[in-house]
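As a plain string of letters, each chain reads:
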Amino acid sequence: MVEMELKRDRIVIRLGTKKWEWVLEPRYWRNTLIWVVVLFLFPTVSYFVSPGLINTMISANIYAAIAMPLALLTIGTGRMNFGPQFYIGVGGYTAALLSIAYGWGPLLTLPFAILMCIVAALIFSPLVLMARGLYYVLLTLLLPLVFLEVTFIYPDIFKGDTGLFGIVPLLDTGNAKNNFLFIGYLSTVIMFAYLWIINKVLKSRYGLLMAAINDDEDVAHSIGINISKIKIIAFVSACTMIGIIGWFYAHYFSSFAGITYLPLTFMLKILLVLMIGGRAQVFGCVLGGYFIAFLEMLMIRFMGPIQPVLFPIILLVLLFVLPEGLFGLYRKRRYREYLPTIHVRR
Amino acid sequence: MVPLLKVSNLVKRFGGIVAVNDVSFEIYKGETLGFIGPNGAGKSTVVNCLTGYLPATAGKVEMNGVDISHMKPHERTHMGLARTYQIPRPFPELTALTSVLASSISGKKRINQSFQDAMYDATHYLEFVGLFSKRNILARDLTFYELRMLELARALATTPQLIFIDEVMAGLNPGEAKSAVHMIRRAKEEFGITVFWIEHVMAVLMEAADRIVAINYGAKLAEGTPEEVVNNDEVVEAYLGRGWREYA
Amino acid sequence: MLTYVENVVVYTFLMGSIYLLIALGFSLICGVLRIFHLGYAYIFPLTVYGTWMLMTTLDWPLIPSILGMVVIQFIVAALIYKGMIKKYLNTEDVLLTALLLIALIVEQAANYFYPIQAGVFLDTTLMSGVFQLGGVVVPKQLVVGSGIALAMTGAFVIFFVKTKTGMAIRALSQDIYSSKIVGINVETLYVFTMMIVLVPVIIGTLIVAPVWALEPQMGWLYMVTAILIAVLGGLGNIKGTIMASYLIGLAHAVSCFVISEPRFMNLSALIVVMIFLIIRPQGLARSESLW
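Chains as they are written, first to last, in the numbering used here: chain A, 1 to 346; chain B, 347 to 594; chain C, 595 to 885.
Chain A with its partners taken away, still in its complex shape (with noise of 0.2 Å):
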C-alpha cells in the first residue's frame, strides 16, 4: 500500500516498511524553470525560422542523454568506463534486428531492447566488482571494438559493411518538417527524463553511499554499505538507459550501423560532452550536449573538410582551459559541495 502524505512543504511516500521524502524548495525552481520553458520552445520556434536546427538540437539531447547515464555509471561504480557505446550497439541492433525481421514499430522494440540491455549488463557485471583499475579500463575500452569485429565477422546477421536499413521510423506523420518537431519534442522529454531520475539519484541516500564507497571502500563495508548490490544496481540500471538511446537512434535514423557508434571518434564525443560540460555534474552534461552539438554543426557549415582536425584541437584547449566545465563558469563548486574523487589506477 503507497500512502502519501501531504504535509506543510514536503511529501511524504510511505511503501511498507520504507519511507520517502521530497523537500518541496520553490525558491531553487527559478532557473530550473527558465531553462525548461526555453528548451520547449526552441524546437517551435525553430520550426518557423529553420528547422534543420532542430536536427542539432535533437543530437544535442541525445548527446546529453548519453552522458547523464555514463555520469551516474562513473560515480555509481567510482571507475571511468571507457565503453557506454557499447550498450549503444546492443540496444541499437536489437530494435535494428526485431524491427527488420518481424516488422515490429517501436514501441514493441523497446520493451525488447531494454530487456536485452539488461541481460548484456548482469553479464558484465562481475567485471565491475573484480576488475581492479587498470584492467577495467582496458575490458570496457576493448568491448565495443570486438562487438564491431565481431558485427564485420558475421555479415550476413549484422551487415557490419553497409548497416541494416529499413527499420520502421520512430514517427510518421507524412510531413518531414512536423516529423522532426515531433522528434524533437521526444527527445527533449528523454533528456528531462533522465535529468531528472538521475538528479534524484544522486541526491538522495543512493548518491550518498556511493559517494562514501568512492572515498573509502573498505570504510564503506564496515559501515553495513552493501556495495557489491549498489554497484551492480548502478552499473544495470545506467547501462539499460544508454541503451535504449540506441533503441532512439536505431528507429529515428531508421538505419543502424555499429561503424557510427562503435568506434572511439563517438566515444570520444561523449566523453567530451561529460568533462567539458563539468566533470561528472548531471547539469552540466545537457550544458556540454549543447555546446559541443551546436559546435560541431557550425564548424561543419562554415569550415568543411578541415573540421574533424580542428573539432578535436578546439575541445582539448577547452579541456585545459576550463577546469570546472562549462557549468563551472555558470556557478562555482561550493566548499560543501560532493566531487567524485574518481580512481583509474587504482
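Where hints are given, some of them may not hold.
No more than 20 Å apart at the CA atoms, straight line, and that leaves these computed lysine-lysine pairs for PhoX-like [said to hold, decoys possible]:
hint, chain 1, residue 1, chain 2, residue 2
1, B, K352, B, K406
2, B, K375, B, K406
3, B, K534, B, K375
4, B, K454, A, K18
5, B, K454, A, K229
6, A, K229, A, K203
7, A, K229, B, K418
8, A, K177, A, K18
9, B, K524, B, K534
10, A, K18, B, K455
11, B, K406, A, K19
12, B, K352, B, K455
13, C, K680, C, K756
14, A, K19, A, K200
15, B, K534, B, K566
16, B, K352, B, K524
17, C, K758, C, K734
18, B, K352, A, K19
19, C, K774, C, K680
20, B, K455, A, K229
21, A, K229, A, K200
In short, the hints are calculated from the structure, not lab data.
Could you slot chains B and C onto chain A? The hints should help.
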C-alpha cells in the same frame, strides 16, 4: 549466560607468517574488555578478522550464538559489530554530518526512516560527541581529536551491540585523552553497548576495563581482571624482556 | 597437419617478435609512469606520415627523413609529458581523455593531409623477397625484423639490469617518494623513459611498413594489440611482456592458420586475455618490478 561474542581458535596466516595463533576468548554483554600486547602482537589483525575485513584462515566466531565467521563486513555490521580505526579513516570528500548520515542510513535495516529522519538521527550523534558546530566542515579539515570523535560518532550511528575501539589514545594530549575516555564511558552508559578496547595506555584500562586479554606473537598470554593480568609474569616478560628481574 | 604446425610455429615467432617491439613501449610507460597511456596510438601514424611528409614536402631522402621524424617524435613526447601528464597526474579521467584526444588529432590530421588514396609508401625494405622454411613461406623482411626485435629487447634488458640509469628507472617504478629521497631525478628520468620507449616502436613500425597496410587508422589496431599484450604480461614487467607477446602471436597464428579465419585474430586474442585474467588476475609476471 550466552556470551555476546565468542571467539574459538582463531588463526590467521599470511603466507608463512602466523599473525594470529589459536586465540580464544569470550565477551559478555555490558562489559568492557581490554586487549593489550606489545607492538606487532597481532591486535589489529584480530580485530580485522573479527570484523570481516580479513578472512580468517581457521577458527569460529559466534555472536549471540549465531556463527558469523563467513559473513561479509556489512552483514556483521547489521548483526551489531562496529569499529573505529587506529589511524582515523574519514570519508575525505564528505562533511562530518554526511559521514555520520551515511552510517545512520546503512548501519542496520531501518524501518520508516526517510533521508531527512536519518539526518536528524545523525545530528543527534554528532551532538553527542560534541561536533555539532563542525557538522558542515569537510572531514579532511578537522583536527585530529575531532577526527577521532567523528569515528566514534560514525560507529555509534550504526547502533551496534559491540564496538571495537582501536587505540583511541594515540596522538591525543592529556586533556583530549581525558575527554575521549569520558566520551566512551558516556556512550557505554547511554547506548548500552559492549566495548572491546585495544589500548597501549595501561592507566586507562586499569580504570575502565572489567577484564583484560593479553596477547603476544599472536597467541593469548593471559586473561583476567586488570590486577591479575598486570602482575602476570608472562605479560611483564613480553613487555620488558626475559631478563627483566635482573634489572628491576 | 605438419604444415599447420610449421606455419603456426614460424608465424608465432615472427609475429610475436614484432609485437614485442610494439608492446614493450606501452608496458614500460605503464610500469614506470604508472599511467595508462591511451594516446599511444599516435606514435604509429606519426612515424609513417611524418616521414612521408618530410620526404615529399622537403624532398629529403629516406634516411634523413627518418632521423628528422625521430627528432619530431622526441619533441612531441617531451611536450606531452610536460604539458599534460605532469599537470594532470592526479585527475586521471581528464588525463586519459586528453591523451585519447591527442591520438585522435594525429589520426585526423593524417587523414586530412594524406588520405588513404594518397598512396603513402615507405620503402624501408631491408631484405626483399620471400624464402621457404620447410613448408612455410615467410617474407624475409619479417625474419630480419624479428632478429632486430630480439636484439633490441636484449639491449633493453641489459640497459635495465646493468646500467645505473636503468637501475634508477627500476627504482622509480617501484616507489616515487623513496626514489626522490635517495636523490634520483624523477622528472628527467620520466622524460627519458618516454623518449626511449619510442625507439623500439618506431623501428617496429618502419619494419612492417612495407609489408602490412598503411592507413591513418593503423594506430588503433596496433594499440589494441599492445594493450592486450601489456595487460596479459602484467603491466610494466618486461619478462611478462616477452611471454605475453609470443602468446598473443600464437593466438593470432592459430586463428589465421588453424581456424583459417583471419577476421578472428583480435577476438581470439581478447578471449585468451580474458581467460588468463580470470585464472590469474595480476597477469603472467610474478613480480611487480620491471624485470
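Hints, verified against the model:
{"no.": "1", "hint": "B:K352 x B:K406", "result": "holds (8 Å)"}
{"no.": "2", "hint": "B:K375 x B:K406", "result": "holds (19 Å)"}
{"no.": "3", "hint": "B:K534 x B:K375", "result": "holds (11 Å)"}
{"no.": "4", "hint": "B:K454 x A:K18", "result": "holds (13 Å)"}
{"no.": "5", "hint": "B:K454 x A:K229", "result": "holds (15 Å)"}
{"no.": "6", "hint": "A:K229 x A:K203", "result": "holds (18 Å)"}
{"no.": "7", "hint": "A:K229 x B:K418", "result": "holds (13 Å)"}
{"no.": "8", "hint": "A:K177 x A:K18", "result": "violated (48 Å)"}
{"no.": "9", "hint": "B:K524 x B:K534", "result": "holds (16 Å)"}
{"no.": "10", "hint": "A:K18 x B:K455", "result": "holds (10 Å)"}
{"no.": "11", "hint": "B:K406 x A:K19", "result": "violated (38 Å)"}
{"no.": "12", "hint": "B:K352 x B:K455", "result": "violated (24 Å)"}
{"no.": "13", "hint": "C:K680 x C:K756", "result": "violated (29 Å)"}
{"no.": "14", "hint": "A:K19 x A:K200", "result": "holds (15 Å)"}
{"no.": "15", "hint": "B:K534 x B:K566", "result": "violated (26 Å)"}
{"no.": "16", "hint": "B:K352 x B:K524", "result": "violated (31 Å)"}
{"no.": "17", "hint": "C:K758 x C:K734", "result": "violated (37 Å)"}
{"no.": "18", "hint": "B:K352 x A:K19", "result": "violated (36 Å)"}
{"no.": "19", "hint": "C:K774 x C:K680", "result": "holds (16 Å)"}
{"no.": "20", "hint": "B:K455 x A:K229", "result": "holds (15 Å)"}
{"no.": "21", "hint": "A:K229 x A:K200", "result": "holds (19 Å)"}
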